[in-house]
Each structure stands twice: as structure tokens, then as C-alpha cells.
Amino acid sequence: MTVELMVNGHATRFEGESDTPLLWAIREQLGLTGTKFGCGIAACGACTVHIDGQPARSCSVPIGEVAGKAVTTIEGLKSPEGALHPVQQAWIDAQVPQCGYCQSGQIMAAVALIAKAGKPTAAQVDEAMTNICRCGTYPRIRAAILAATGQAAEASPQPATGAA
Amino acid sequence: MGVKRRSFLIGAAAIAGAGVFGVSYADRSARRAAMGATVKPGEGGFAAWLKIAPDDTVTVYSPTIDFGQGSHTALAQMAADELDADWSKVRVEQAPALPGFANSALVEGFGDEMGHGMGKHLPQAVLSMLARSAPIMITGGSSAVRYTGQIAMRRTGAAARLALIEEAAHRLGVPAAELTTANSVVSHARSGRSLRYGELAVAAAQRTMAGNPALKVPKDCKLIGQSPARLDIPAKVDGSAQYGIDVIVPDMRVATLVMAPVRGGKLESVDDKPALAVPGVERVIRLDDAVVVVAKGYWPARKGVLALAPKFSDGGHGALDSAAVHAAQDKLRAGDKADNSGGSGDVDAAFADKPHTVVEADYRVPFLHHAMMEPFAMTAHYNAGKLELWVGLQDPLSVRKMAAKAAGLSEEDVTVHTTIMGGGFGRRFPEKCEIIGQAVAVAKQCPWPVKLIWSREEEFTHGSYRPQSSAHLKATLGKDKRLTAWRNDYVQSDDAEQETHFSYQIPATSRRHFKYQSNQNDGPWRSVNSTQQGFYNESFIDEMAHAAGEDPYQFRRKHLAPGSRHLAVLDEAAKRAGWGSPLPQGTGRGIALVESFNTIVAEVIEASVDPDGKPRVHKVTAVVDCGTTVNPRNAEAQVMGGIVMALSVALDEEITLDKGAVVQANFGDYPILKLADAPPVIDVHFIESGAPMGGIGEPGVPPAPPALTNALFAATGKRIRQLPIKDQFKPA
Numbered sequence: 001m002t003v004e005l006m007v008n009g010h011a012t013r014f015e016g017e018s019d020t021p022l023l024w025a026i027r028e029q030l031g032l033t034g035t036k037f038g039c040g041i042a043a044c045g046a047c048t049v050h051i052d053g054q055p056a057r058s059c060s061v062p063i064g065e066v067a068g069k070a071v072t073t074i075e076g077l078k079s080p081e082g083a084l085h086p087v088q089q090a091w092i093d094a095q096v097p098q099c100g101y102c103q104s105g106q107i108m109a110a111v112a113l114i115a116k117a118g119k120p121t122a123a124q125v126d127e128a129m130t131n132i133c134r135c136g137t138y139p140r141i142r143a144a145i146l147a148a149t150g151q152a153a154e155a156s157p158q159p160a161t162g163a164a
Numbered sequence: 001m002g003v004k005r006r007s008f009l010i011g012a013a014a015i016a017g018a019g020v021f022g023v024s025y026a027d028r029s030a031r032r033a034a035m036g037a038t039v040k041p042g043e044g045g046f047a048a049w050l051k052i053a054p055d056d057t058v059t060v061y062s063p064t065i066d067f068g069q070g071s072h073t074a075l076a077q078m079a080a081d082e083l084d085a086d087w088s089k090v091r092v093e094q095a096p097a098l099p100g101f102a103n104s105a106l107v108e109g110f111g112d113e114m115g116h117g118m119g120k121h122l123p124q125a126v127l128s129m130l131a132r133s134a135p136i137m138i139t140g141g142s143s144a145v146r147y148t149g150q151i152a153m154r155r156t157g158a159a160a161r162l163a164l165i166e167e168a169a170h171r172l173g174v175p176a177a178e179l180t181t182a183n184s185v186v187s188h189a190r191s192g193r194s195l196r197y198g199e200l201a202v203a204a205a206q207r208t209m210a211g212n213p214a215l216k217v218p219k220d221c222k223l224i225g226q227s228p229a230r231l232d233i234p235a236k237v238d239g240s241a242q243y244g245i246d247v248i249v250p251d252m253r254v255a256t257l258v259m260a261p262v263r264g265g266k267l268e269s270v271d272d273k274p275a276l277a278v279p280g281v282e283r284v285i286r287l288d289d290a291v292v293v294v295a296k297g298y299w300p301a302r303k304g305v306l307a308l309a310p311k312f313s314d315g316g317h318g319a320l321d322s323a324a325v326h327a328a329q330d331k332l333r334a335g336d337k338a339d340n341s342g343g344s345g346d347v348d349a350a351f352a353d354k355p356h357t358v359v360e361a362d363y364r365v366p367f368l369h370h371a372m373m374e375p376f377a378m379t380a381h382y383n384a385g386k387l388e389l390w391v392g393l394q395d396p397l398s399v400r401k402m403a404a405k406a407a408g409l410s411e412e413d414v415t416v417h418t419t420i421m422g423g424g425f426g427r428r429f430p431e432k433c434e435i436i437g438q439a440v441a442v443a444k445q446c447p448w449p450v451k452l453i454w455s456r457e458e459e460f461t462h463g464s465y466r467p468q469s470s471a472h473l474k475a476t477l478g479k480d481k482r483l484t485a486w487r488n489d490y491v492q493s494d495d496a497e498q499e500t501h502f503s504y505q506i507p508a509t510s511r512r513h514f515k516y517q518s519n520q521n522d523g524p525w526r527s528v529n530s531t532q533q534g535f536y537n538e539s540f541i542d543e544m545a546h547a548a549g550e551d552p553y554q555f556r557r558k559h560l561a562p563g564s565r566h567l568a569v570l571d572e573a574a575k576r577a578g579w580g581s582p583l584p585q586g587t588g589r590g591i592a593l594v595e596s597f598n599t600i601v602a603e604v605i606e607a608s609v610d611p612d613g614k615p616r617v618h619k620v621t622a623v624v625d626c627g628t629t630v631n632p633r634n635a636e637a638q639v640m641g642g643i644v645m646a647l648s649v650a651l652d653e654e655i656t657l658d659k660g661a662v663v664q665a666n667f668g669d670y671p672i673l674k675l676a677d678a679p680p681v682i683d684v685h686f687i688e689s690g691a692p693m694g695g696i697g698e699p700g701v702p703p704a705p706p707a708l709t710n711a712l713f714a715a716t717g718k719r720i721r722q723l724p725i726k727d728q729f730k731p732a
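In order, the protein sequences belong to chains A and B.
Going by the numbering used here, the first residue of the first sequence is number 1, and it counts up by one from there.
Going by the numbering used here, the first residue of the second sequence is number 1, and it counts up by one from there.
Be aware that a few hints might be false.
[Unchecked claim] Pairs of lysine-lysine, DSSO-like flavour, derived with a Cα cap of 30 Å:
1. Lys619(B) with Lys119(A)
2. Lys674(B) with Lys116(A)
3. Lys119(A) with Lys674(B)
4. Lys69(A) with Lys296(B)
5. Lys575(B) with Lys718(B)
6. Lys674(B) with Lys78(A)
7. Lys89(B) with Lys78(A)
Bear in mind the hints are in silico, worked out from the structure with no lab data behind them.
Treat the numbers as computed from the prediction; the structure is a model and nothing was measured.
Let the hints inform the model, and build the full structure from the sequences given.
Next comes the structure, spelled out in C-alpha cells:
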């Protein structure tokens, strides 16, 4: 079957089986590999994208269900001029990523949260940010979200060191 | 080029290597081949590890891979600091998988340690893999910065700087002693003349490099000890970073597979028609213990696999389950015939000598999965007797060697492109990675390049797990409430003696290893044996403090050497955590101290138990003495991340066996700690003791589980002796 949708602002046509997860259409047909495969069962969030502005785990969304919708991936977050999204910049400022594999999904989840909540409370962050990070970057994810929403002066400054 | 250059790094490594492993590692022609692959006309290459371009760009080639630990940036800092390079023009790239990039510094570093009798701090699993896989480019043992950085990167940077000065002195006709360097420029203050590194590099690279250049003392370092932003992070926030699973090559196919559920089982039969009926499926390939479906994309390949009903044997392990593993371990230990032992003094005599107090306890920990976020993926293309591979594993040269053997080719006919990795934590040692043989076998049967991706289900059920392990601890107190003897009898696959460190001063200690091997593929897991040994020792010393009626922090203090780094770390952690200050009702504080990879870490955790039995961590304080930190902000991230991972392990993680097969098949069955349960406060503090540099990727892990269970004991009076905690606090 043929599915037409918008991806990062571009009209896109997908040819293939309608049960193909959006994740694999994005990665293998469009070559947008920033959206990651983590588990295939919507448990880890590495594949998080936005569908009509809402966060979605694309490994578990059949392409047939997104016909006519607008999908944004990590590659679509930058401005048309190529400037980083403020959340991406906050991720750099807070030095969040380690292996980085989950971070596309984390950033997409955070952008959706901030779009909805403005200045999210700690409880809202806890509730919305359910993506798995095996490197354990959660403290800096929290710091980056607060910094991106003007709720922290400085994200994760250099740790204190001292002589023995 | 390079004819006059002394390959000083190789020479040093060959000496250390010959003593340790009986092999030499590389020769001058290998170095030349390495630089031939990286240094372009107009650039100057130095000992293969770095090159300087005409525009002053410095490119550092890292032999160690990146799986998130940030050592690429740290290595570049170390080379650039000694070089006096302009940091804004420093890049770091993964060194190609060529013998000239074999990581001689690693061998030298481990060799030095062994030569100084410090080999017992080394992970046996890592060492044995080193010995098998030379020449090596391995990343492991928290070794990148302390060995590769300290030895190869700093020396190369310093020697290259001296060569640049010599060349500048020659051109300016002034004594080298009158020249200074900064920001990639050599300057002659008296005449006001200067030359950029980019102008000097090609000729400087022809000069003989100093064999043993002086390195900077800490006060002169401009980059070492600072926290420039990691060079890899920009590509990790905009989706452009390319992991192994992201590789796309022309005309590529995608494959996935199903393996024998019971490790050791073999494929008996499979009807491939249901898979071939799936649109997009092109091949079904039978391997010895797996069936691979090759298709136009991952989804049809996965559907093809799910359509199959292969029959596998169980390799004779069909009766094994987790309870049987425990029973077998208990039986082994009861037999009292240890396979390995360590310690000092006469424990048996001390036990027999009417001790004032005797305490014994049994501890258990389960198999653990690495659960790296990127499932295994490897692309292989076999064409006309040549094999090309794209993959991210911990030792690119071993990948090349293993793939060549699997393909029946010489190593020169195999090219390995090393990608960054979505985590590893010990899972990506090539020797533990069946995907190499699988991808090669598939490539040899296909006319296209094929990217083989393991589903998360296969990745979970075919791990190289932290071994399931158990221990019986016994210790005695004298009348003065001091420990007189300590025995740790543990059962697991590997001997932990070579690697785990016991910090306390006790007249008689005994550690006995009873070897038990299940059918599972055991492997190194972040901090290796220190995970379980740290839990055993730091839980049990808490029990002994309780038996002595003493504060667990003070009790530890009394058994540490006065003036030692261990004592300083413990004291600093207690001080920063406010040890002894009042806590809310129901909240307890626990402390633990573990040295691993030559880094000493103490952690204090504040925790309580919710009414529904769920443990809650309120605060973690960590104090770390790794000698010197190269990039403190990244070191902090490594320690914080290690703590989060370790708490996840302590709370909920467990791989179990049923009928010989792993039960947990995805994140739904193996809960990993999420942001909401991450401690709201993790305070990490470094003590810059100036001691020889220790590792930083792993040592944050071991103290966290015992610090947590000790805190929960303080809060509730209930001692946890089996991990994970899971529902052990659930109200009956």
C-alpha cells in the first residue's frame, strides 16, 4: 500500500506493508537514522518521535496509522536555518549524553513535555520522562530540562575537587 | 617518511609485552602502514597517534573505542595539553583497525602494574582476553585514560612538541631553548618571530622523536584537569551520530535471527517456507545454532523470523533453572574443595581460638544483563575474497582477526570500520560476540552487503551475563570488638582474586573461590567481579559493625590503615554526607567503600521504604580518589551514571533461567531504573591525591548496592543478603 505523510515538513510517500512500524519506515526508507531501535515493544522510548506534536514510540506505530499526519524526528528539530532547538542546546550545555543512543528519544520526549507544560515541575518531569537511559544520565536530563525552561541558572557545573 | 623515526612506543611495549605475554606487538612497517592510512600529503604524522594539518588542525587517533565513557575527549585533552595545541582546532577520530594502531600503551600499562606486583588489581577476564587477542586495540578495565592516555597520548604529544620546536629552531636559526609554545604556535620572544604548527608539521614529522620526553607537572597543565565539552556530544543531540545499527551501504539487505533458546543447543530442523512467504524476505540461512532471515528491511526480516517454528536441541541443559544453579553452588561450597584462594594469616586457627563473637551469613546475587541500549548490529560484505565489516565492538583488531578466521581469509583481506557504540558495559568484547561469526557466515552466502541486527529479545536471552554468584561470609571479633579473622567463600565462574581489592586490615583473611560454570556465557559486566565482591564484603562488614555494637562508619575506620587514601576517602564521604546528623523517621544512612581499577570510592546513601515496600533513595554522596581527573565533569558523569546503574541492579535487575533458557526477553521483564526513581541528589566529589591514575568508568558502581542495603538496614532493621531487593520489603 501507499501511505502519504509529512516528515519534518516534507511531503513523503511510503510504499510497503501497512503494518511496517513507523520507526523502520523512517530509518530504512527515509534514511533518517537519528531515531533509534531499542526494544520494539514501546518499552524504552529510544524511538520517540512526534506525531502531530504528540510524543509517540515509533517502533509500535504502524505506518498505516499515520497517513496524512505530520511526523517530526530528531533531524527535524533544528530551525530551517540550522540552529539547534533550545532543548538540544541545553543537552550540550549540561553535557547530558554518554553513549548517546537513547538521547534522540529523550530529547523528543523533553521537547514534547516542554511544549505542553511550559515550565514543567519536577513531578511532571518524572511523569513524562519515562525513556530508559542505561548510562544513567537522568540527573543531567533533569538539569537540562530545568535549564531549557529557565528554571536553573546553570546546569551541572564542574564538580568540586580538592586536595587530599 | 618516518625512516629515521624511532618507534619508541613500540619498543617500550615490546619489552613489557615480552615479559607479560611472550609476544611483541608491532613493528616500524606497521606504524608506517597505519600512518599511510591516516596522514594525507601536507600533513605531519607523529607516532601514528596524532597528525597536524597545514591549517593547524590536530587530529588525535584513539585506539580505544567510544561507548559513552567520554575517553575520546579525555585522550585528545592529554595529547593536546602536552603538545600545547590550540584546543579549538583539536579533533579526535577512531583509529583504523590496523596493527600499527595496536594499543601498545595498554600492554605497557598493564605490564607496568604487573611488574610492580600490582597485578592483583587487574580484572582477570580482561587480562586473559588481552593475552588471547594481541595485537590489541581493546577498551576495557577502565584503562583508556590511565594507560592509553598517560602513556601513548601524553608522550606522543610531548615528543611531537619537541620535534616542532627543533624544526622551528632550525628554520629560525635560533637555539631551541629560546623557543616557547602555546596555542599551536612556536614563538621566539627575542626576535618576535613565530611559526604555526601547521607550517612546521611535515618537516617536524621527519625528525627523530624523543624516546622519553618530559611530561608536564600538574601545575603546568592547561587541559588536563579541565572540563572542556565532550567532542562527541554535538552529534549525539541532533541525530547525526552514526552507530553500528545506522550503517547504510548501497544495495544492502537487513537480517535478523532466532537462536537456540538454551545456550549450547543446536538447530535440529526448520521449515523455511513460512518466512519466505513474507513479502520482502529473500533468504533463510541455517547456522549451527540459529536461523537467519535476510530481507529488504528489518521489519520483513523480523516477521520472517516470527513465522518460523525451528526446532532446537537443549544441549543437555534443559533441566537447569536458577534454583538448580543455587543448589549446585551451595553443594560445591559444602564440598570445601576450593579452586583458588587468597588472603593472609591463619583464619582457621583464629576461628578455632575461642573468638569473642562469630558471625556467619550467606549472600546471593543473580545473573545480570548489560542491556546496552543499542542492540547488536553488524554489517558485512563479502566480495571476491575480500570482507568489509562495519561494527562497533570493544577491540577492532580482534574483530578483524576473528572475522578473517571465520571467513577463511587472511587478516589483510578484512577491513573493519569501527562505529561508536550505544553502550557496552562489558558486553562488546569480541570474544563474547557471536554476531561476528554469524554476520560473516551470512555475508558469505549472500551477494549483497547484509546488516545483521539482533532483536532485543535475542539480545536479552543471549547475553554474556555477570555471573550468578553466592558467598558464605564468616568473621570473628576479639574482646576489643576488632575483627580477628575474615573468610569469604564464593562460588562463581571466575576467580576474583586477581582483581578485587580488600581494603580492611584484619590479622587473618581468607578468600576461597569455588568454580561453578553454568551453560550461560558469563562475561565482564561494568566493574566485573567488584560488583558482587563489593556487595558481599561491604554488607558483611556492616553486619560485623552491628555485631560489635558500633557505628558502621567508625567500625570501618578502625580497620583501615591510618593515613591511607582509603581512610581519607571514607572520612570525606562521611563528612560530606553529614554522617551522624539527624534523619527523618524511617530513613537510614548506609556507607560502603570499594576500591576497583585502582580507584577508591566511598558512597553514602540515604534511603527509606515506602508503605507499599518500595525502597526509595533520597540522596547519594560519592567521594572518589582516582589520583587525578583529566576531565572532572565527564568523570562526574561516569560516577553518577555508574551509581544509577548500580541502584537499578540492586533494586530490580535479575536474569533467571528456566529449562536451561533465559526467562527475561525484553525491558518489560527486566525493569531498568527510570528517571522518576533516580536519586534526586547525587553529590560526587573528587580527591585529587596525585596517586597513580585509576579508572573512572567502572569504580562508581560497586559501593552503591551495599550502601543502599546498609541504609535500608539502618532504616528498617532488615538485612538484605540477596539481590535484587525487589519485593523483600513488601508487607506480608
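Here is what the structure says about each hint:
no., hint, in the structure
1, Lys619(B) with Lys119(A), "24 Å, holds"
2, Lys674(B) with Lys116(A), "21 Å, holds"
3, Lys119(A) with Lys674(B), "21 Å, holds"
4, Lys69(A) with Lys296(B), "25 Å, holds"
5, Lys575(B) with Lys718(B), "26 Å, holds"
6, Lys674(B) with Lys78(A), "27 Å, holds"
7, Lys89(B) with Lys78(A), "25 Å, holds"
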